[in-house]
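K.L.:
Spelled out, the chains give:
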Amino acid sequence: MPFNPVTLATPAFIFLVIVEMLFAWITGRGKFEARDTATSLVMGFLSVIAGALYAGVFIAFGELLRPFRITDIGWSWGAVIVAFILDDLAYYWWHRASHRVRWLWADHVQHHSSQHYNLSTALRQPVTGILAFPGFFVRAPLFLAGFPVPLLAFVHGLNLVYQFWIHTESIGKCPAWFEAVFNTPSHHRAHHATNARYLDTNYAGVLIVWDKWFGTFVEEDAAEPPRYGIVKNLGTFNPVKVAFHEWIGIGTDLASARSLREFFGYLIGPPGWSPDGSRDTSETIKQRWADHRATHA
Amino acid sequence: MNALYLIGSVVGIALLVALNILLFGRRIAALDQDAVVESLANDNPGFRVGRHTIAEGSHTALVENGADGVLYLVVARGSRIASRKLSRGAVRGVDRDGKSIALRLADFTLPKAKLAFADETAAQDWESRLKAMVA
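These protein sequence lines map, in sequence, to chains A and E.
Be aware that the first sequence starts at 1, since it is given in my numbering, and climbs by one per residue.
Be aware that the second sequence starts at 1, since it is given in my numbering, and climbs by one per residue.
Careful: at least some of the hints might be erroneous.
[To be verified] With a straight-line cut-off of 25 angstroms between C-alpha atoms, the simulated DSS-like cross-links for lysine-lysine are:
#, chain 1, residue 1, chain 2, residue 2
1, E, Lys114, E, Lys85
2, A, Lys212, E, Lys112
3, A, Lys241, E, Lys114
4, E, Lys131, E, Lys99
5, E, Lys99, E, Lys85
6, A, Lys286, E, Lys99
7, E, Lys99, A, Lys241
8, E, Lys131, E, Lys85
9, A, Lys173, A, Lys31
10, A, Lys31, A, Lys241
11, A, Lys212, A, Lys286
12, E, Lys99, E, Lys112
No wet-lab data here; the hints were simulated from the structure.
Note that the structure is a prediction, hence the values are computed from the model and not measured.
Bound conformation, chain A alone (with noise of 0.2 angstroms):
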């Protein structure tokens, strides 16, 4: 790999994370809270540790693939340019997956788990990928398909940095047709939304146009300003708990399971789901909200 984007993009995450603290306390247009942000800041620094554990596996996993690939696809820039596409398309269905799978969701959460929406909540990476390995296997097709692996983890570095400056609330629209081709802080808002119409929607990395193809598409609403965090708001900003409290719920329930449906469910049913239906998941909100909407039209 020529170098690792995200390495070089962090000394200007810092500076933006500064650049927007003061525009917000100047304009009143976003919000910063100091254990949240020590939050997302702590996690971030630890998700570069836990990162460098992942990317070996990640690479290994390529390197294992790489006998079987079907051609080999050498350094060139319409390599690189076809990589990034496709790297998006595998993102996509990777975050599509970790919403709605327990076990990926169990990691994916912690970016999720703010209620607040600037740059800093953009560096609360998850600390647990390794745990979430089956998401590994959707970019198995591109190793498989030729990429080099050091190419393949480049375009992937430049996905993930594209994806910092969209976690902000001081941008409102962009140009209507770059709102229409590319992920922008109003689809990534609606994204990390609690409200009943913007959950599980907008997964892109950087090309929103994937969930306008696939249905899951939802434009921002001005008249229903996004609520961030989860369905079920952290009651702590300490980082340790932050990690690993759905994999402490994930435990606990697969303790409690008393088959392989509840034992299954659990660990790969949507997040929230439960043998007697107790619990929330994104389509019984969704649809109490519908109801509700129904018989109070």
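Dock chain E against chain A, hints included.
P.N.:
Frame of chain A; chain E shown alone:
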């Protein structure tokens, strides 16, 4: 990762958090009826405020949904609010000491909550309601 990177990261995080405090202070949400009702109504269609109390200090509240009788604990967490449905099994223990109640919850990120009431009668009243939730 070398020591310089580690130290730099720790110092950098500390400075950013210090800047956050300097610019925005350390506000903790003060619960009032409007804030509590809005929070619960956002998450529960058809929510109607029923019996409720906001504990002394305005950082914790107990609120009944008048539409279905479900009781909620609402707590300030920094400048934001978190709520918990207090269904049977969600409450591990209720310990009253005069006008205060200490709640123990089956919740990894919100294991405890303390509520101080204006008088002991109110505390006793809520204590018996909450004890019915204990599994």
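K.L.:
Work down the list of hints and note, for each, if the structure agrees.
P.N.:
Now for the hints, and whether the structure bears them out:
Using a Cα cut-off of 25 angstroms, the hinted pair Lys114/E and Lys85/E holds, with the two alpha carbons roughly 16 angstroms apart. Straight-line distance between C-alpha atoms of Lys212/A and Lys112/E comes to about 43 angstroms, which puts the hinted pair past the 25 angstroms bound. Straight-line distance between C-alpha atoms of Lys241/A and Lys114/E comes to about 20 angstroms, which keeps the hinted pair within the 25 angstroms bound. A C-alpha spacing of about 16 angstroms is found between Lys131/E and Lys99/E, which places the hinted pair at or below 25 angstroms, so the restraint holds.
Annotation: proposed proximity of Lys99/E to Lys85/E holds, straight-line Cα distance about 23 angstroms (limit 25 angstroms). For the hint pairing Lys286/A with Lys99/E, the CA-to-CA distance comes to about 40 angstroms; that exceeds 25 angstroms, so the pair is violated. For the hint linking Lys99/E to Lys241/A, the alpha-carbon distance of about 31 angstroms lies beyond 25 angstroms, and the restraint is violated. Under the criterion of a C-alpha separation no larger than 25 angstroms, the hint pairing Lys131/E with Lys85/E is consistent with the structure, at around 14 angstroms.
A distance of roughly 18 angstroms separates the Cα atoms of Lys173/A and Lys31/A; the hinted pair therefore holds under the 25 angstroms criterion. Distance restraint check for Lys31/A and Lys241/A: the Cα-Cα separation of roughly 23 angstroms lies within the 25 angstroms cut-off, and the hinted pair is therefore satisfied. Our distance criterion of 25 angstroms between C-alpha atoms is met by Lys212/A and Lys286/A, whose separation comes to about 20 angstroms. Between the alpha carbons of Lys99/E and Lys112/E the distance comes to roughly 17 angstroms, so the proposed pair stays at or under 25 angstroms and holds.
Going through the hint list in order, the structure does not satisfy hints 2, 6 and 7.
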